[in-house]
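S.K.: Sequence:
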Amino acid sequence: MTKNDRRVEFKVGDRVASLDSNEEGTITRLCSDKDIVYVRWDASKMQLWQG
4 MTKNDRRVEF
14 KVGDRVASLD
24 SNEEGTITRL
34 CSDKDIVYVR
44 WDASKMQLWQ
54 G
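Numbering (the numbering used here), first residue to last: 4 to 54.
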C-alpha cells in the first residue's frame, strides 16, 4: 500500500450515489467482506431495467 491509497469505511445509514446513474440511496446492510454493501435506492428515483 502506498500513502495515497484510501480505504473508505462505510456504515449502515450512509448515503451513497451510483457511479453509472444519478440514483442515490442508503446503505441498509454490510457484508462480512467489506467490499459488498446492500443499498436501498430512493424509490422516487429508482428505475426498473428490462433485459
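Please keep in mind that the hints were generated in silico from the structure rather than gathered at the bench.
Where a beta carbon is used, it is the ideal one built from N, C-alpha and C, also for glycine.
Possibly wrong hints are sitting among the right ones.
[To be verified] Label pairs and their in silico Cβ distance ranges:
1) I39 - R9: 14 to 22 Å
2) D45 - D8: 14 to 22 Å
3) R9 - L33: 14 to 22 Å
4) R10 - Y41: 28 to 36 Å
5) V40 - D8: 15 to 23 Å
6) R9 - I30: 25 to 33 Å
7) R43 - V11: 28 to 36 Å
S.K.: Failing hints, ascending?
M.R.: 2, 4, 6 and 7
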